[in-house]
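Asks: What follows is the residue order along each chain.
Protein chains: 2
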Amino acid sequence: MEQLKAFELSREFLESLREAIAQEDHAYLTQSLEGVNGADIAALLDELSLEEALYVLRLQPKSSAADILIELEENAALKVAREVDPVEIAAWVEEMDSDDAVDLLNMLGSKEREDIIAHLQDKEKSANILDLLRYDEDTAGGLMAKEYIKANQNWTVVQTIEEIRRQAEKVEKIYSIYVVDNKQHLLGRVSLKKIILSASSTKISAIYEPDLISVDSHMPGEAVAEVMRKYDLESVPVVNAKNKLVGRITVDDVLDLIREQSEEDLQAMTGISDDIEESDSIFRISKARLPWLLIGVVGGLLGSQIIGFFEEGLSKYLALASFIPLVGATGGNVGIQSSSLVVQTLAAKSAFDDSPAQRFIKGFLVAVLNGVVLGGFVFMVVVFIYGFEAIFGFTVGLALFCVVLLASFMGTVTPLVLDRLGINPAIASGPFITTANDLLGLAVYFAVAMSLLNLN
Amino acid sequence: MEQLKAFELSREFLESLREAIAQEDHAYLTQSLEGVNGADIAALLDELSLEEALYVLRLQPKSSAADILIELEENAALKVAREVDPVEIAAWVEEMDSDDAVDLLNMLGSKEREDIIAHLQDKEKSANILDLLRYDEDTAGGLMAKEYIKANQNWTVVQTIEEIRRQAEKVEKIYSIYVVDNKQHLLGRVSLKKIILSASSTKISAIYEPDLISVDSHMPGEAVAEVMRKYDLESVPVVNAKNKLVGRITVDDVLDLIREQSEEDLQAMTGISDDIEESDSIFRISKARLPWLLIGVVGGLLGSQIIGFFEEGLSKYLALASFIPLVGATGGNVGIQSSSLVVQTLAAKSAFDDSPAQRFIKGFLVAVLNGVVLGGFVFMVVVFIYGFEAIFGFTVGLALFCVVLLASFMGTVTPLVLDRLGINPAIASGPFITTANDLLGLAVYFAVAMSLLNLN
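In order, the protein sequences belong to chains W and R.
Mapped onto the working numbering, the consecutive letters of the first sequence carry residue numbers 34 to 489.
Mapped onto the working numbering, the consecutive letters of the second sequence carry residue numbers 34 to 489.
Isolated chain W, as found in the complex (with noise of 0.2 Å):
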């Protein structure tokens, strides 16, 4: 019962750990980690050096080995299955589900790929990722198992019984069992809480449930993630075009896909060029950050030739430089908030969304009730508050106006281009767009001061 909740990783532990492998202590480390799970020990893993770690991970059983393996980071999984013989990840490679061999090996060059799979044992493994492998990675082929159990719908419950006993190592999660017919195709399932309380004698066909949720091969893995939510499935079977079962996915898989889709999302706002967290080196996180920080540096600097060609009018009425940010960060905001609104609805897609031209209306009656809001208020502030002339608060005012109206234009119509591009769309609220929405509010800004103050 000491590992009734969940292992606490700590300094200590890993300095232990540390000592022990320098000491090359078998004894501590193997009873030191047992029953310990494989994300804990592939957290520690990361914290050691890579000799380090592979002195661990070799020290384990096979299995254990592979649970680790699969829960790395991507870095260290590479460099692991660069520095170990072919053979040796092959043994590994055969604990795992295919759907994390897969996944593994994806992550590695070919060459190293083809040396992995042709030291295989288990041929009927070798050829389950062969056929996993011809799957696109973000579809449900690529997210999908080969392990799992299913049955004939003329069996009896003791045949599919037998079936779970002679499966029982493979399949570790059962969830379902998929109920087919003599041609492999998907006709329904049967919970293992019906086959317990059912007679040994009774038909698979008498008790299976056909009304189940199905996804195609080639199903987005981020619908894929949707389908399981609304419907709450903890694993849904894949079939192909003919609609014959080809694999399995759990909920486990799109978990993760779950976070790594937000982080991306996150990353892309941010403009945080790969995948980095605070633990890194400085210089990765420099590297990672200063792409997207020089574009909005360049964007500044053409902002400073935009401001640069209206100097003369600016020179007769100076006090239009003092709203400059007020226009770039509203421009900002609104294009922020009316971008994030449509990647929103490109997430979740309903049969009842509105039409693009229903959208567009909408989009542009919202612009004008809040650029009106926006430029009455400021109108208001400048003339009355502020003590400038009407003519110019009312400049100031139009302009804002003509921003809000332009940036949730831009706003509305850049993610949905980036979608129809096959583009993560939520780059759309990153600094390029933003950079971008700043410099066109600027010239509009200008160009109705100038036409307004008669400045030309």
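In case anyone wonders, no lab produced these hints; they're calculated from the structure.
What follows is a set of in silico ranges between Cβ atoms, one per label pair, in the way DEER data are often shown:
no., chain 1, residue 1, chain 2, residue 2, range
1, W, 310, R, 216, 41 to 47 Å
2, R, 106, W, 61, 54 to 60 Å
3, R, 413, W, 144, 39 to 45 Å
List time: in silico EDC-like cross-link candidates among lysine to aspartate or glutamate, alpha-carbon distance up to 16 Å:
no., chain 1, residue 1, chain 2, residue 2
4, R, 395, W, 310
5, W, 226, R, 196
6, W, 395, R, 313
7, W, 227, R, 202
8, R, 226, W, 195
9, W, 226, R, 202
10, W, 395, R, 310
11, W, 349, R, 345
12, R, 227, W, 205
13, R, 349, W, 344
14, W, 226, R, 195
15, W, 156, W, 127
16, W, 206, R, 267
17, R, 203, R, 155
18, W, 277, W, 164
19, R, 226, W, 196
20, R, 226, W, 205
21, R, 226, W, 202
22, R, 206, W, 267
23, W, 227, R, 205
24, W, 226, R, 205
25, R, 227, W, 195
26, R, 183, R, 242
27, R, 112, R, 84
28, R, 395, W, 313
29, W, 227, R, 196
30, R, 206, W, 242
31, R, 112, R, 80
32, W, 227, R, 195
33, W, 95, W, 121
34, R, 227, W, 196
35, W, 275, W, 249
36, R, 349, W, 345
37, W, 206, R, 242
38, R, 227, W, 202
39, W, 349, R, 344
Where a beta carbon is used, it is the ideal one built from N, C-alpha and C, also for glycine.
Dock chain R against chain W, hints included.
Replies: Chain R in isolation, oriented as in the chain W frame:
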């Protein structure tokens, strides 16, 4: 096998449904909705008027109505609950799992809640609900359900199967059977697979796995989600401080939680103050977006005061105005990057995270590096391409360097402070902080310029 693929919602079907409701065509309504998942019917009802929705809901068998009710959007569920008699609602609530019932009751006012609970016939269900209502909604206790199967370690397999049979109707999905001692202390788990494959007379104590991850009833929901994702769990038992089993959390509830949280984070970052969708009314969308836009505008107006304060210097050196957008945008971008890195670390705390001091030093060093690169780049462009004098290029470059340091600092500190105060740290990447960063950046820029260019 018609329901194999996820049910296709369409406007045509919605129209035919509306017509059938108007004609009170029971037969068509019952037949066309038979076997359709509760989540899909809920999506349909969201498109109907309250009257129409209630008509459909009341035609459904009680258990289907319960499934639909828990899948409705919060607003729609509230409307239904207010319109329908507590006796009728209570009958639906009895068909729900205790966690879903509590989610629904938590949406209602305390009077409505008590009315419904008073009308519950099933005393066990009502005791379970009252028990669950004591927990904070955002903790493991608030997420767990009372429906699960537990077995005493002294039972045999056949006794356990008897218990499963007894609870079969109440517990829809079993996943694991939790093993307890005579005092209800959690000892471990046994899978249904193992139950099926073991002889009837085997004692549970001989086959259960003692290595089991459980969570404390006070653990925050976010942490529960992370534990389930990390350890690939489809369900997790919840224990109280004395390690007694009090409930079970299933992965479907955690998926919903993750989705809600990523939406909340996005809305915090983009400054949309209410849970809106593109399909909401223009006024509702506008109202949700305006508050944060107004804060941005007020910030911009304060910025104009800062610039106005330096107007004399600006009039002597008009080119200063050109670089206002550069300074503002860079400060904003750096601030968002820093804060979202911190937010990401806060969301997935690990024992090996850097200490706060290390974090600040590292953040400072990254900022120095990025500041030098960006400031140097700007210096070169301003002097060698735009042809300004070196002292002016140095001024803009140095100001940018200072702004990068300041924005990094603010971006790191703000989410940490918010987190300490129990506020969602994602707000730190939102408009409020961006605006504050803009203003500080402006002040720094002009202060540097005034002293370096001798403009006082």
